[in-house]
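Residue numbers (the numbering used here), protein chains in the order written: chain A, 1 to 508; chain B, 1 to 508.
Rather than coming from a laboratory, the hints here were simulated on the basis of the structure.
Backbone N, C-alpha and C define an ideal beta-carbon position, used for all residues, glycine too.
The reader is advised that the hints may include incorrect statements.
Unchecked claim - For each label pair, taking beta carbons as the anchor points, the in silico distance ranges come out as:
#1 A:A38 / B:E480: 32 to 38 angstroms
#2 B:P133 / A:E218: 44 to 50 angstroms
#3 B:I412 / A:R281: 29 to 35 angstroms
#4 A:A38 / B:G330: 32 to 38 angstroms
#5 A:E383 / B:D451: 58 to 64 angstroms
What the hints assert, rightly or not - Here chain A is said to cover these stretches of chain B; the calculated rule only asks that three of the stretch's residues, wherever they fall, bring their Cβ under 8 angstroms from a Cβ of chain A:
#6 13-25
#7 229-242
#8 345-351
Number of protein chains: 2
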Amino acid sequence: MAVPGTALRRLRDHLHQTRLLGSISSALYYDQNTVMPAAGAEWRGQQLALLAGELHERQSSAPYTELLVAAEAELDSEAPPELRRNLELLRLELGRQRCLDPALVSALAKAQSRGNAVWQDARARNDFGTFAPALAELISLRLEQASQLAAAEPVARSPWEILAQPFEPNVSKARLEELFAPLRAGLPALLQRVAPSSTPEGSGGDLAEALQERLCAELLDSWGYDPQRCQRSRSAHPFSCTVGPQDFRITTRVVPGQPLSAFLATAHEWGHSLYEQGLPRTDDHYFPWPLGEATSMGVHESQSLFWECRVARSRAFAERWHHRFCQGLGSDPWNGAFGFWRALNPLKPGLIRVEADELSYGLHIVLRFELELALLEQAMPVEELPHHWNRRMGELLGVRPASDAEGCLQDIHWAEGLFGYFPSYALGHLISAQLAEALERDLGGAGAIEDCVAQGEEERLQQWLARHVWPLGRQVDGEELVAQVCGSALSAAPFLAYLERKLGQLQG
Amino acid sequence: MAVPGTALRRLRDHLHQTRLLGSISSALYYDQNTVMPAAGAEWRGQQLALLAGELHERQSSAPYTELLVAAEAELDSEAPPELRRNLELLRLELGRQRCLDPALVSALAKAQSRGNAVWQDARARNDFGTFAPALAELISLRLEQASQLAAAEPVARSPWEILAQPFEPNVSKARLEELFAPLRAGLPALLQRVAPSSTPEGSGGDLAEALQERLCAELLDSWGYDPQRCQRSRSAHPFSCTVGPQDFRITTRVVPGQPLSAFLATAHEWGHSLYEQGLPRTDDHYFPWPLGEATSMGVHESQSLFWECRVARSRAFAERWHHRFCQGLGSDPWNGAFGFWRALNPLKPGLIRVEADELSYGLHIVLRFELELALLEQAMPVEELPHHWNRRMGELLGVRPASDAEGCLQDIHWAEGLFGYFPSYALGHLISAQLAEALERDLGGAGAIEDCVAQGEEERLQQWLARHVWPLGRQVDGEELVAQVCGSALSAAPFLAYLERKLGQLQG
Numbered sequence: 001m002a003v004p005g006t007a008l009r010r011l012r013d014h015l016h017q018t019r020l021l022g023s024i025s026s027a028l029y030y031d032q033n034t035v036m037p038a039a040g041a042e043w044r045g046q047q048l049a050l051l052a053g054e055l056h057e058r059q060s061s062a063p064y065t066e067l068l069v070a071a072e073a074e075l076d077s078e079a080p081p082e083l084r085r086n087l088e089l090l091r092l093e094l095g096r097q098r099c100l101d102p103a104l105v106s107a108l109a110k111a112q113s114r115g116n117a118v119w120q121d122a123r124a125r126n127d128f129g130t131f132a133p134a135l136a137e138l139i140s141l142r143l144e145q146a147s148q149l150a151a152a153e154p155v156a157r158s159p160w161e162i163l164a165q166p167f168e169p170n171v172s173k174a175r176l177e178e179l180f181a182p183l184r185a186g187l188p189a190l191l192q193r194v195a196p197s198s199t200p201e202g203s204g205g206d207l208a209e210a211l212q213e214r215l216c217a218e219l220l221d222s223w224g225y226d227p228q229r230c231q232r233s234r235s236a237h238p239f240s241c242t243v244g245p246q247d248f249r250i251t252t253r254v255v256p257g258q259p260l261s262a263f264l265a266t267a268h269e270w271g272h273s274l275y276e277q278g279l280p281r282t283d284d285h286y287f288p289w290p291l292g293e294a295t296s297m298g299v300h301e302s303q304s305l306f307w308e309c310r311v312a313r314s315r316a317f318a319e320r321w322h323h324r325f326c327q328g329l330g331s332d333p334w335n336g337a338f339g340f341w342r343a344l345n346p347l348k349p350g351l352i353r354v355e356a357d358e359l360s361y362g363l364h365i366v367l368r369f370e371l372e373l374a375l376l377e378q379a380m381p382v383e384e385l386p387h388h389w390n391r392r393m394g395e396l397l398g399v400r401p402a403s404d405a406e407g408c409l410q411d412i413h414w415a416e417g418l419f420g421y422f423p424s425y426a427l428g429h430l431i432s433a434q435l436a437e438a439l440e441r442d443l444g445g446a447g448a449i450e451d452c453v454a455q456g457e458e459e460r461l462q463q464w465l466a467r468h469v470w471p472l473g474r475q476v477d478g479e480e481l482v483a484q485v486c487g488s489a490l491s492a493a494p495f496l497a498y499l500e501r502k503l504g505q506l507q508g
Numbered sequence: 001m002a003v004p005g006t007a008l009r010r011l012r013d014h015l016h017q018t019r020l021l022g023s024i025s026s027a028l029y030y031d032q033n034t035v036m037p038a039a040g041a042e043w044r045g046q047q048l049a050l051l052a053g054e055l056h057e058r059q060s061s062a063p064y065t066e067l068l069v070a071a072e073a074e075l076d077s078e079a080p081p082e083l084r085r086n087l088e089l090l091r092l093e094l095g096r097q098r099c100l101d102p103a104l105v106s107a108l109a110k111a112q113s114r115g116n117a118v119w120q121d122a123r124a125r126n127d128f129g130t131f132a133p134a135l136a137e138l139i140s141l142r143l144e145q146a147s148q149l150a151a152a153e154p155v156a157r158s159p160w161e162i163l164a165q166p167f168e169p170n171v172s173k174a175r176l177e178e179l180f181a182p183l184r185a186g187l188p189a190l191l192q193r194v195a196p197s198s199t200p201e202g203s204g205g206d207l208a209e210a211l212q213e214r215l216c217a218e219l220l221d222s223w224g225y226d227p228q229r230c231q232r233s234r235s236a237h238p239f240s241c242t243v244g245p246q247d248f249r250i251t252t253r254v255v256p257g258q259p260l261s262a263f264l265a266t267a268h269e270w271g272h273s274l275y276e277q278g279l280p281r282t283d284d285h286y287f288p289w290p291l292g293e294a295t296s297m298g299v300h301e302s303q304s305l306f307w308e309c310r311v312a313r314s315r316a317f318a319e320r321w322h323h324r325f326c327q328g329l330g331s332d333p334w335n336g337a338f339g340f341w342r343a344l345n346p347l348k349p350g351l352i353r354v355e356a357d358e359l360s361y362g363l364h365i366v367l368r369f370e371l372e373l374a375l376l377e378q379a380m381p382v383e384e385l386p387h388h389w390n391r392r393m394g395e396l397l398g399v400r401p402a403s404d405a406e407g408c409l410q411d412i413h414w415a416e417g418l419f420g421y422f423p424s425y426a427l428g429h430l431i432s433a434q435l436a437e438a439l440e441r442d443l444g445g446a447g448a449i450e451d452c453v454a455q456g457e458e459e460r461l462q463q464w465l466a467r468h469v470w471p472l473g474r475q476v477d478g479e480e481l482v483a484q485v486c487g488s489a490l491s492a493a494p495f496l497a498y499l500e501r502k503l504g505q506l507q508g
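Go ahead and model the full structure; you've got the sequences and the hints to work with.
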């Protein structure tokens, strides 16, 4: 420990314990979504609420406040900037935590857990009606939370913006409108260029579960998966989860009729996990300090999307992996590597966000962003959600859900009270595209990613990210990260240019 | 909540939270032993230590003491006896917790963790010498603990007896000598009747892992396994684990070369789980009060052994399941149902406790009980342990270990400082046999268990246990339970009579 001073040392120990508690919640979440029997949900909710209460207490108590004040007093003119930044981030977080009524924190934890359970059931039975009251309760509790948090915000923010801060620090509705406008304007035009005839052939078949499992394992092996530190399981919804500084989990699922789904989800979740694994943990100013944490969901998503879209959906990748798929299958339903590449990139507006192609994905997010604002800030009754969902789906993507299960019940986020989260997914696409441009400049110019993939040298991509992106932690927010690494402000242009190029090649 | 009074109500809430915390540890333990990657161990240790510290604090703090005092003051002459018993049990436990010097608690935790690590290594290298000092330190710390705890004991108890209380409430050395003497006298004679020629034939083969999995699943299905409340996983060592009032887990393992091991372990662990599932949780005086807990390890083990030995190793069961095994295998390596029954009951004195048959198991325990007493109360130097282990092994079981790894280093218990635990395993055999006699009296006389099994009516056995045994919780200790349910004091006679009968049939 190079951090000097008694209060600073005690503060570090306090943060270490806080990390322990938080990671216990992560372990319970992982268990809940992989093996926990359904009837365990109610008790699990109580366990998580207890931990949430303790975490809140640790992050807002008077003794902790005094500890932080004492640590701030130990800062002198020679204190390193990292330490300053850590204390600033802790001060901001403390201000937010102290605004919150503990009763609300506990009520929210319970409502989130109940929301998840009710949603599972409502989605299975395609019954929005049973979910609506749980959603309304979550919205009301989250609005109450935003109102309590407002006093701690360093600048004036709307309720939605306040709730979005934990996912995307410093995000604003105005900036998102600015970034999303080119998507709203440009994506439908790109989508229209996708004639029905251009949807890929030969992807209607299926792959045996065991073969999918084997290919996922091969992919992870070739991308540095270490079974001593990682674990892969099945869950209803793929996710990545860090349970300890040396304990990384990812989950996937096999989707009948979608032979490449588990494979691409594995690439995606592994991208999240690589970022977590690459966060700095040894430097004195990082773990367990704020600087050692992921900076935003947008940056997180940029890392998963990089490995899913820029690598696993690339043409070079399709050419390298095509024969492995055919070998396992004993036939080639794709009629060659180009067909396999097209199967990895089905361009077809669909109903389901997590199955969406790169052209439509952004519009799924625009839809959710609009509806979240309507629910939270424009007093739209939850009962109207299915109607407006289906209407805007038609307008933006030209498709209409036949049921709420494949409509507004498809995502878990709102069922867990996560509002303000969805835009990060779209930001992830933009950040990934802009980082990819910077990476290619460094590694030999346009096409450098495809070249690395063609040579089986994905570790060079990992090395670049490990040098430029992962170690930053919370030194910078998402926009600052892009400016620092790429030398230009975040914009939708690199993403749209990339899509234009890829579409041309896929249709060529 | 029918429990009257304010302090009583607050006490109940306190116990509920304590249960939540304890069950979080259970969930982490389950995760650790089923999916956690190896590198996660160090952090997991820190998580569990944090929870253990919180649990100890909740069970020994001054505010908790005041709460218990206030609750006791609310008892009036009309208080129900269950409430009285709950407060007595809490008072006894609090007295024990408060006797302990925190420095000793911490020293013990470290010594246990070190003991485990040194033991793993010593066993792997078959080097008792490196383990001996760690064992000596554990003995010395546990004796110090017993001496601190002595003041809290309601009656005078020897150090070994004090350490055995958490596993077997009210156990005494004299009573165990009384119960074990017939085993020491009777089992060797039974073992001598097992001629080498009588070891079963045809069990040397193996069953494919997938077939073992399927048969285990079929077994659980037929015994009421409810996937809504239960989960089955794999682990290095089989165990049963309750994660919440509606969340029950069991694990098994497939052992190469032992085709029936996973199947019998499934029966065993399911027996533990049935007891946990049957503990009373709805009555006001039970969950989360002490009365709602399992009463002793001996009673717990009696339930697992009932389903493993009395049911799954019974002749009627072999006759019902033989064709399923043959069907899955496509052949009959057992030459008929009788051969299959003998394969389920291999009678052969061996060196390893966890692989022992019903005839030798008790002698493995007698050996350990004698040596624990010698180490803790008769000043036997730890260096002499291997010598006495091997000598008594020869005298009791007629076999001598070729190495300490398969001798006195085989069990984990002493390496973690667990003295006083082993006798519960033997008590489980005795209790199971005596309960089985009572059950048969109620269900139609001798042979009633075999009759139920032959008809596929194991649920009648479950119903009897669910009425007479499981709901008692901690109303009674192990001996009281037997006296109440069977109408006679616990003795070794039913167990020895059962073995005599079974041996005759197996050799017939």
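Evaluation of the provided hints:
In this structure, A38 of chain A and E480 of chain B meet the distance hint of 32 to 38 angstroms, their C-beta atoms being roughly 37 angstroms apart. In this structure the hint that P133 of chain B and E218 of chain A lie 44 to 50 angstroms apart at CB holds, the actual value being about 48 angstroms. Between I412 of chain B and R281 of chain A, the C-beta spacing of about 32 angstroms keeps the proposed range 29 to 35 angstroms intact. Evaluation of the 32 to 38 angstroms hint for A38 of chain A and G330 of chain B yields a pass: the beta carbon distance comes to about 36 angstroms.
For the hinted restraint 58 to 64 angstroms between E383 of chain A and D451 of chain B, the CB-CB distance of approximately 59 angstroms keeps it satisfied. Figure legend: the region 13-25 of chain B, annotated as covered by chain A; annotation consistent (5 residues with Cβ-Cβ distances under 8 angstroms, at least 3 required). Note: the region 229-242 of chain B has 4 residues with beta-carbon separation from chain A under 8 angstroms; the three-residue rule is met and the coverage holds. Look at the region 345-351 of chain B against chain A: 0 of its residues bring a Cβ nearer than 8 angstroms to a Cβ of that chain, fewer than three, so the hint is violated.
Checked against the numbered hints given earlier, this structure breaks only hint 8.
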